[in-house]
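Engineer: Taking the hints into account, I'd like the entire structure generated from these sequences.
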Amino acid sequence: MFYPIMLNIHEKKILVVGGGEIAYRKSEKLLEFGGNLLVLSPKINNKFKMLKEKYKDNLNFRYDFYNKLYLQDVFLVVAATSSKEINKQISIDCKDLGILANIVDSKEDSDFIFPSIINNDNLTIAISTMGSFPYLSKTIRMDMEKKYKKFNKEYIDTLEKIRYLVLDQHKDKMKEIMDYALKLDIDELKNFLIKLEVNDLK
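Per the UniProt record's numbering, residue 1 is the first one in the sequence shown, and the count goes up by one each step.
Hints were generated in silico from the structure; no laboratory data involved. Computed from a prediction, not measured in an experiment: that's the story for all the values here. One thing to keep in mind: the hints can contain errors.
The calculated lysine-lysine pairs, modelled on DSSO-like cross-linking and capped at a C-alpha distance of 27 Å, are [unchecked claim]: (1) Lys138 x Lys161; (2) Lys146 x Lys183; (3) Lys107 x Lys29; (4) Lys49 x Lys68.
Structural biologist: Set out below in structure tokens:
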């Protein structure tokens, strides 16, 4: 059973073992959330070049085969090689060293799994079937992306300002005001914030 948790990986050292398509997809998400990645593999998918251009010093490559020595000072590991035996060994080595590991071909050997993610600046939603049927997670994610499209950074930041004003001035009407605010589009929401700032709720 996997416990859902938001993990701060900003500037944390992450080792991705493998240079194929799966390693690329995992690396892309980890970089998006600020990880500092070392991709270890004798061969690297050409798509990694685009990630290197975008994330620069946060992504580095080592063209080599897996060795336990590469686990030194690593925060977490993704084992994404094409060899079940190597992936299994990485899992064993990480457990010996107390390092969190995702083994892409074995949820039983993994300490964590990758959920399907909606990352809309200040709004992050993770969906998971606990590794049983990832396609369902993807389908739900696509539905939710449409439903919550308006909740971008500007919208969430405006909601935050409204929340603090309501807590300070209208705490007794908190639910009523916040329910109303969530129905507004961004322009209506900003106008509503102005009314709150001058304490005009008429």
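Engineer: If a hint holds in the structure, say so; if it does not, say that too.
Structural biologist: Structure-based check of each hint:
| no. | hint | result |
| --- | --- | --- |
| 1 | Lys138 x Lys161 | violated, 32 Å |
| 2 | Lys146 x Lys183 | holds, 15 Å |
| 3 | Lys107 x Lys29 | holds, 18 Å |
| 4 | Lys49 x Lys68 | holds, 26 Å |
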